[in-house]
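Peer 1: Work out the full structure, taking the sequences as your base and the hints as a guide.
There are 2 protein chains.
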Amino acid sequence: MDKGAIMKRILVFGADGYLGWPTCMHFASKGFEVCAVDNYFRRRACLELDIKPLIEVPSLVERSKIFREKTGLEIKTYIGDICDYAFLSKVFKSFKPNTVVHYAEQPSAPYSMMNREKAVFTLTNNLVSTFNIIHAVKEFNPHCHIIKLGTMGVYGTPNINIEEGYLEVEHKGRKHTFLYPKTPGSLYHLTKSQDGDMLYFYCRMWDIRVTDLNQGPVYGIITDEMQNDERLFSIFNYDDIFGTVLNRFMVQAITGYPLTVYGKGGQTRGYLNIKDTIACVDLAANNPVDKGKYRIFNQVVEIFTVNELAEKVQRVGNQLGLNVKINSIKNPRREAEEHYYNPIYTGLKELGLNPHLLTDDVLAEMLELCIKYKKRVNNEAILPKVLWG
Amino acid sequence: MDKGAIMKRILVFGADGYLGWPTCMHFASKGFEVCAVDNYFRRRACLELDIKPLIEVPSLVERSKIFREKTGLEIKTYIGDICDYAFLSKVFKSFKPNTVVHYAEQPSAPYSMMNREKAVFTLTNNLVSTFNIIHAVKEFNPHCHIIKLGTMGVYGTPNINIEEGYLEVEHKGRKHTFLYPKTPGSLYHLTKSQDGDMLYFYCRMWDIRVTDLNQGPVYGIITDEMQNDERLFSIFNYDDIFGTVLNRFMVQAITGYPLTVYGKGGQTRGYLNIKDTIACVDLAANNPVDKGKYRIFNQVVEIFTVNELAEKVQRVGNQLGLNVKINSIKNPRREAEEHYYNPIYTGLKELGLNPHLLTDDVLAEMLELCIKYKKRVNNEAILPKVLWG
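As you go down the protein sequences, you meet chains A and B in turn. Residue numbers for the first sequence follow my numbering, beginning at -18 and rising by one. Residue numbers for the second sequence follow my numbering, beginning at -18 and rising by one.
A couple of the hints might just be wrong.
From the structure, some residues in chain B lie toward chain A, with a derived Cβ separation under 10 Å [stated by the list, open to error]: (1) M94; (2) L104; (3) L108; (4) V109; (5) K119; (6) I141; (7) N142; (8) K153; (9) H170; (10) Q175; (11) D178; (12) W369.
Below, computed lysine to aspartate or glutamate pairings styled on DMTMM-like, alpha-carbon distance capped at 20 Å [stated by the list, open to error]: (13) A:K71 to A:E120; (14) B:K153 to A:E145; (15) B:K156 to A:E145.
Honestly, the hints are just simulated from the structure, not real lab data. Fair warning: this is a prediction, and the values are worked out from it, not measured in the lab. Think of the CB as a built atom: it goes at the ideal place given N, C-alpha and C, for glycine as much as any other residue.
Peer 2: Pasting the structure below:
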């Protein structure tokens, strides 16, 4: 198989999102032909829920034009829903991808726990989008490498090490290697466990090739291709629905809102900078997995408790002259607030990942950028409103 | 909690099916108030695929009338689709069940592997029906006990014992108990693994109570309440889509068709008589599980290889004067044809199950009944036509 051919035509689903857009710019800058697909779900949901991202960004089609004007590089765009197989088929037939990156799932745990309608949307959108991609690959390009964004949240917090995707079990003198068992903590995380089971199933049945990137919470705003042009920035949410924890803390810090630690704050997770998300997807795309293989990476860089994150933001924020308070609030989720947590994450480093760490300088830079957009913050979006129970 | 109240109002989804109808008659005969719900999916699919069951049975509504005329017992019926939450809500509000039995999933592995449309129907029907039941229970009756029909097929054929639902893993000196990891072999089986993960999730989040019956392939026609009236018999399929293996073998034997063993025939599974399905559901309903618990039983009675089943049918068939041949055909599925298989199935016996075994007499009785309807057999429905790959 021609490895070069695999790597040069990349189709990105969920291309308008926090990770999708910087991914498109990155691959275009690296000489890939890039096709960007989105149905604007995030924008519609933000409108419905009265949530605004911190930095206003033009539509995907507009950003693609701006990027072309500045760089001369093309990002082809299609606006539509990949749960509609007729639409997806057209995209596959016209673009003929060698790699697809699947970010097109509903990505919020609180959104999935809000009510029945949003939960069933999360369930069907996340599973049918993945299902349709699998079937389109089989129908139109069986060699295509599927890279799906997963989440470390599928594992929950088991009392043993979280191995990288698979677990060899010794039981009554016999051995078997299983897909690592999942214990997700929200309906969203459940769907990400279910889609992984589906990808693994079709790898076994149809010899498709899949990389699943079980990512921890991402923080950060800027990637190399944004060129100091805020119109090319990502959609950055700081609200309780679409904002990740460190991004929320930064916006709380700059507006004088006490950092919202849920419960005891001993919840431990693996984090990474958005720059490393892009680097990991690049490594996966440039090192496609063999046919029939379901490859899983645990995509994290550093491990922190929520308390440690809050204390970092407080310390660096105070150095910048902010007066950062921390407030433990009743946990709206059902989760362990103190637990063992030891994930293994060596696969991407072995492929060459050179991680960005969460230094004080990095935090200060992000806080200063947030301060620039402080007047856009809506305090009402900060407190959690969705209860799990 | 009043245990009596839990047990006496039972709502059966998929009530027109092979297991649903005898379940309804059983509980009505035992003094339960029974509500039977179906959307006639099986009948519509049989019509579309030109498949006829061996014995023609009246509609659910008609059978319910016939049963009332013969016994004086009421089985309330609703025809509709529980993936439609408005319909499901009406049923819950009007009937107020204490127990629900969920047979309303698309139950055929080959159907789920036929094409994209049938696969996506299986995925969404099976997950959304389960999802809606969970939400209806939470909204209308949080105490209600959900009994879901599962399948042993979710486990696949691991090289270690198949424990009853959960697996304690010792790994690098630490221990954790996981839901037993699943390795399903068809999209249908995948959805049954995914619905189990969903039920387990909502048990943890919402304290619902669930029993999952991981059943092996069922055989047989007659249950105690059918009263020698063929209008009260079950829908009995012998085709490659909806027929289970032993039922198919019996119809092949009586028509002189060589028994279709797939590949080497070393595929090993746990089987049970339809009478024991009813007995197991009865035991689950009469022994509801605690709130917040996801209880799993491996619902099998005896273990056989496909070759052993074929040889049994051949021996008993020949004693009845049939000339039964066995023919190994190319396996249309992707599955291990020789493998370790040791499932644990003690839970239902501990509750009091007194199993029916597959004796020569039982086989002879079933073969003789099939012979009665021999003229209805369509040979074209016998050979497998759906390939996995």
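Peer 1: Which hint numbers doesn't this structure obey?
Peer 2: Failing hints: none at all.
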